[in-house]
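> Protein chains in written order, with our numbering: chain A, 142 to 287; chain B, 142 to 287.
Heads up, a few of these hints could be off.
[Said to hold, decoys possible] Pairs of lysine-lysine, BS3-like flavour, derived with a Cα cap of 27 Å:
(1) Lys-234/B to Lys-211/B
(2) Lys-241/B to Lys-160/B
(3) Lys-211/A to Lys-241/B
(4) Lys-274/A to Lys-246/B
(5) Lys-258/B to Lys-241/A
(6) Lys-258/B to Lys-234/A
(7) Lys-246/A to Lys-258/B
(8) Lys-258/B to Lys-274/A
(9) Lys-160/A to Lys-258/B
(10) Lys-234/B to Lys-274/B
(11) Lys-246/A to Lys-241/B
(12) Lys-234/B to Lys-160/B
[Said to hold, decoys possible] Residues of chain B placed beyond 12 Å of chain A at every Cβ, according to the derived structure:
(13) Ile-185
(14) Asp-205
(15) Gln-235
Bear in mind the hints are in silico, worked out from the structure with no lab data behind them.
Ideal Cβ positions, reconstructed from N, Cα and C, are used throughout, including at glycine.
There are 2 protein chains.
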Amino acid sequence: MANIIHKIGIFCSPNEVYKLLTTDEGLSKWWTTDTSGAGDVGSIIEFRFNGMGPDFEVIDLQPDSLVLWKHSGEIPDAWMGTEVSFELSNVGKQTYLLFKHSNWKEQTEFMGHCSTKWAVFLLSLKAAIETGKGNPHPYDLHIDHD
Amino acid sequence: MANIIHKIGIFCSPNEVYKLLTTDEGLSKWWTTDTSGAGDVGSIIEFRFNGMGPDFEVIDLQPDSLVLWKHSGEIPDAWMGTEVSFELSNVGKQTYLLFKHSNWKEQTEFMGHCSTKWAVFLLSLKAAIETGKGNPHPYDLHIDHD
Numbered sequence: 142m143a144n145i146i147h148k149i150g151i152f153c154s155p156n157e158v159y160k161l162l163t164t165d166e167g168l169s170k171w172w173t174t175d176t177s178g179a180g181d182v183g184s185i186i187e188f189r190f191n192g193m194g195p196d197f198e199v200i201d202l203q204p205d206s207l208v209l210w211k212h213s214g215e216i217p218d219a220w221m222g223t224e225v226s227f228e229l230s231n232v233g234k235q236t237y238l239l240f241k242h243s244n245w246k247e248q249t250e251f252m253g254h255c256s257t258k259w260a261v262f263l264l265s266l267k268a269a270i271e272t273g274k275g276n277p278h279p280y281d282l283h284i285d286h287d
Numbered sequence: 142m143a144n145i146i147h148k149i150g151i152f153c154s155p156n157e158v159y160k161l162l163t164t165d166e167g168l169s170k171w172w173t174t175d176t177s178g179a180g181d182v183g184s185i186i187e188f189r190f191n192g193m194g195p196d197f198e199v200i201d202l203q204p205d206s207l208v209l210w211k212h213s214g215e216i217p218d219a220w221m222g223t224e225v226s227f228e229l230s231n232v233g234k235q236t237y238l239l240f241k242h243s244n245w246k247e248q249t250e251f252m253g254h255c256s257t258k259w260a261v262f263l264l265s266l267k268a269a270i271e272t273g274k275g276n277p278h279p280y281d282l283h284i285d286h287d
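Generate the whole structure from the sequences, applying the supplied hints.
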């Protein structure tokens, strides 16, 4: 098994981050503007990029501290069986976001692409809170010329 | 063991990337302006951030395709025993850079910080080539408020 891990610090309360991880409106501010289905445990969230994209089932929600999703469906194939978690912790005026995309079957070049792209989107989340303007798809920073 | 992996695509030839990985002048354009010691296999490269930072020994150089470093010294402690590799491949007008920071003893929050920060610096490398202006330390994007 192989994992992607990232950590950023955001100048805000944990609740401000939690809202951006648990509502369609919040998720639309930093990952993709085409997000639907966010809600309680058991919800299936549909993230779309030009009409296609992954679904995630909400597995666990601990207000202001943990969001856990399990990949649902078959797109992309390499994400089947993987989980995404967001762990929040507060230190002073900063909230740390520890991100993991876990349980990849193997460490592939596509995993490398996803790792870099997750960093881009997490910095978009940070900017969405700190500057009021994130860069969700289709306004995201491109990391290659594909 | 745990690994960090990233992949970006740069609109240039492999040689343009290779130069930014194997010379003080090139490395100073994207990681830290205070870089010294880059050279042939066996060289110890000293990367400094406000006077402190890691050393790496150059272990393997395959022109325009591979750069491999092994961590040297004891700073930071968690990097002892780790390796950093840059693999280059050319597809059309694009050069892919596959980056790995391998052989971490365990997956820690500090590893998460480093993973995000490596993404920031690799995007700095891409910008250095494509726009003529990277963001090496001390001009790097901050990912927290520490």
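> Run every hint past the structure and note whether it holds.
Checked hints:
About 30 Å separates the Cα atoms of Lys-234/B and Lys-211/B, which puts this hinted pair outside 27 Å; it is violated. Only pairs whose Cα atoms come within 27 Å are accepted, and Lys-241/B paired with Lys-160/B is accepted, the gap being roughly 18 Å. Proposed proximity of Lys-211/A and Lys-241/B is supported: the alpha carbons are some 26 Å apart, at most 27 Å. A C-alpha spacing of about 37 Å is found between Lys-274/A and Lys-246/B, which places the hinted pair above 27 Å, so the restraint is violated.
In summary, the hint linking Lys-258/B to Lys-241/A is supported, as the alpha carbons are separated by about 15 Å, within the 27 Å threshold. Of the pairs offered as hints, the one joining Lys-258/B and Lys-234/A holds, with about 21 Å between alpha carbons and a cut-off of 27 Å not exceeded. About 25 Å separates the Cα atoms of Lys-246/A and Lys-258/B, which keeps this hinted pair within 27 Å; it holds. Our distance criterion of 27 Å between C-alpha atoms is met by Lys-258/B and Lys-274/A, whose separation comes to about 21 Å.
Under the criterion of a C-alpha separation no larger than 27 Å, the hint pairing Lys-160/A with Lys-258/B is consistent with the structure, at around 25 Å. Between Lys-234/B and Lys-274/B the alpha-carbon distance is near 20 Å, which keeps this suggested pair within the 27 Å criterion. A hinted pair counts as satisfied when its Cα atoms are at most 27 Å apart, and Lys-246/A with Lys-241/B qualifies at roughly 17 Å. The suggested pairing of Lys-234/B with Lys-160/B holds, with an alpha-carbon distance near 17 Å, which does not exceed 27 Å.
Under the 12 Å C-beta cut-off, the non-interface status given to Ile-185/B relative to chain A holds; the minimum distance is some 27 Å. At the 12 Å boundary, the C-beta of Asp-205/B stays outside the reach of chain A, the nearest C-beta of that chain being 18 Å off. The Cβ of Gln-235/B does not lie farther than 12 Å from every Cβ of chain A; its closest approach is about 5 Å, which violates its non-interface assignment.
In this structure, the earlier hints numbered 1, 4 and 15 are contradicted, and the remaining ones agree with it.
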